[in-house]
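Let chain L serve as the given structure and place chain V on it in line with the hints.
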Amino acid sequence: MSERILSVLVEDKPGVLARVASTISRRGFNINSLAVGPTNIEGRSKMTIVTELESVEQVKKQLNKLINVIKIVELDPDNTIESEVLLLKVSINKDTQTSVIEKASLSGAKSVDVGQDYAVFEMTGSSKDLDKLENLLKPFGIIEMIRGGRIAIQTKL
Amino acid sequence: MSKEKLSGAELVVRSLEYMNISTIFGLPGGAILPAYDPLYDSPIRHILARHEQGSGHMAEGYAQATGELGVVIATSGPGATNLITPLTNALMDSTPLLAITGQVASEAIGNDAFQEAYTVGLTMAATKHNYLITTAEEIPQVLLEAKHIATTGRPGPVLVDIPKDILNQKVEWIEPKLTEMPGYKPTLEPNPKMISQAAELIKQSKKPILYVGGGIIHSKANQELFELATKFKIPVVTTLMGRGAFPDGNELCFEMPGMHGNYTATTSIQKSDLLIAIGVRFDDRVTANPKFFAQNAKVIHADIDPAEIGKIREPEVPIVGDAKSVITGLIEKLADTDLNTSDWLDELNQMKKEYPLSYDQEEKGPLKVPFVLEELQKLADDDAIVVSGVGQHQMWISQHWNFTSPNTWLNSGGLGTMGYSLPAAIGAKAAYPDRQILALDGDGCFQMTCQELITASTENIPIKIVVFNNGNHGMVRQWQKIFYKNRFSASELTHHTPDYVALAESMGATGLRMIEKSDVKKVFEKMLEIDDKPVLVECIVDPEDMVFPMVPAGGSNDVVILNEDDLKKL
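Chains L and V, in that order, are what the protein sequence lines are.
Under this note's numbering, the first residue of the first sequence carries the number -13, and numbering increases by one thereafter.
Under this note's numbering, the first residue of the second sequence carries the number 16, and numbering increases by one thereafter.
Hints in this document: simulated from the structure, not taken from any laboratory.
Each statement offered as a hint is correct.
Heads up, incomplete: computed chain V residues facing chain L, CB under 7 Å, no partners named:
1) Tyr199
2) Pro321
3) Ala322
All residues carry an ideal CB built from backbone N, CA and C; glycine is no exception.
Extracted from the complex, chain L is given alone in its bound form (with noise of 0.2 Å):
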C-alpha cells in the first residue's frame, strides 16, 4: 500500500498533541511517524502525519472534529518535497575508522562527533536515504540511531 501524508495545521495550545494522537489510537488507526514543529504564523503548529491507511478520509474527518485542528491537506507525493533528520551512533575501531567515515559521507551525513570506539553522525534527507545510511552502518554495530519524523512541503504554491 502506497504512503499518505497529511500535512495538519493546528492551534499552538496546550494538549493538541495528546488530541491528536488519542484520536489517531481511539480509532485504531496506525501512522507510521509523526512529526510537530512551529510554523511562520504566530499561534499555529504544524504536524506531518505519515500513514498507509487506505481509511486516510476516516483519519482527515475524524482529526478535522478536533476544534484545535484548523485545516489539513493530503499532499500529493509528486509534488511533495519530504525531509527527516537522523542522529546515528556507530561503534568503531582503529580498522573500520576510515571505511566508517567515508561511507557514511559518500552517502551525505556530517560526522559531528567522533570518539576512539564510536562516532556519530547527522544527516538530513528522504527517509529512503536515511534508511540506506543505516544499512550501510549496520554491519558496524549502531549503538543508539534517533530519526525526528518526517516533514513534507508541498511545491507548488
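Frame of chain L; chain V shown alone:
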C-alpha cells in the same frame, strides 16, 4: 475608579446567568466549593444529586427533553471521574452538555494531590471538546465558547476544568463575545449540487425509504420531514434515537428497524432501492452486518457530521448539512414530482399485516411488559415524556409505545447506559414541571442509580417511575437463553430484594405494586393521580419473556427471528 472585581467563582455563576441557564445539576466538594458560594445567592436552581453520575444524566435528560444545553457541576477527582459515563453517553447520543469541574490548585496539578485526577486527559475521548482554565479572566469567554460548541453543529458534551485557586482569583468581568474559531465551522447549508443529485435519485426510485434518526430531533426538522414524507408518499423508518421524529400511527410510518426492530421496518430497508438516510449513523444495531445491509439500495446520506458519511457505508450521494436545510432543499428540488410509490406502500402494508408486533397476555398469567405499556399509554397524557433504561424494557417501549412528537422519548441509545432512566427523568421534570414524566425502568437498571429517588423527593420533582421487575438482567438472560444454552451466569437478581415499595417509601416517594392483569389499570390510575411527590410502581413481570423480533449481532437483516420457534433458524 476601578471596576468591581469578581472572583473566578463569581464569574462562573455570572456567566451561567449571562447565558440564561436557569437550572443546573450537581454535587459539591472541595475543589469546586468556591463556586457553590455565589450559587447560594443566584436565581439559578441547583438540583443536588446523590451521585455525580446521576447529576450528569439529569443534565442529559434536561437537554434531551428541551433540546437546549444541560449543565452539570462537580468537584475534582472522583467528582470528575464519576461524570465520565454521562459525558460518554452524551457524546454517543449527541446531547448538548456543559460540565464544569473543580480542579486542585494550579500549583498542585501533577503532584497527585488529594482528589486530583487528570480530568482533561480522562475526558478527552468522552467530550466534543474540553478546557483547562489557566486564568480567571478567561472564564466567561471559555464558558460561552463551550456552550457554543456543545449546542451547535453535531451537539455534544464540553467540559471546563477550573483549578481552585483560579476560582478564588479576583478579576474584572469582561463581557464574553463569540469570535471566529478557526478550527470549528460546522457546515449547516448543504451543497445545492448534492441536493440536486439526491432529488434525481429520489425521482428514479421505485422503493425509497426515509431512514431517519436523532439528527431530525436535534435539528428540529420533524415538520419538514413530515412534509417531505407525506407530500411524496415516501415511507419512513425511525431509529431508536429518532423515535418521535415522525409520528407513529401515520400510514407512512413503519417504526424502528434493526436488532429488535419491527419486521417491516427492518425488511423495508432490505428491499428498498434507495435509502434516504438523514441524521443517522448506520449504527450496528440498525445495520447488523453492514455487508448484508440494504444490498439493493443506493444511498443518500445526509448528516451534519462529515465523519459519519462513509464511515460504515459509502453513499452514492453524500450531503453534509443540517437536517432541516437538507430536507427543505429536497422538498424544493422535488417540487411537483409525482413519485409513484403506491405499489411499494402496498407491499409494505401487506408485510405489516402479516408480521405485526405481538405479545400474549394471559388473563391469569404473569404480566407482560408490552401489555402493561399499552395500558399505561391509554391513561397517560399525550405529551407525556417517556424515559427509559437499557435492555429488554427499552426495546419493548420503543416497539409498543406510540411516539407522535419529538423529544418525548429519552433513552441511552449509543452507549446503552443502564441507570440512565431515573436521573434523566428528574432532569426532564425539572425542565417541564407541568408535564407527566414517566421513568420506565428495569429492575437491574433501577438498582444502579436508585439513590436519585431521594433527589426527586427532596427537590420536589414528582416523576412517575415504573420498575419492571423480572428479577433478572433480562436482556443478558435472553442472550444466555439463546446463545449460552440456558447457562444463566450472573444474570439473576431477585424478585424480592429490595422491597421496592418499602424502598420508595423510605426515600420519600409513594410505592405501589402490580402483579396481576387486574391490578394494572387501577394502580396506574392511582400513580397518575399523585402529583405532589414521586411515585414508584413495582410491576412484577415474567422473567421468561423475550424481545422479538431479533436479528442476532453480526447477522444479516434478511434473517429476522420473529419468535421463540424461529430460533431454530439460527
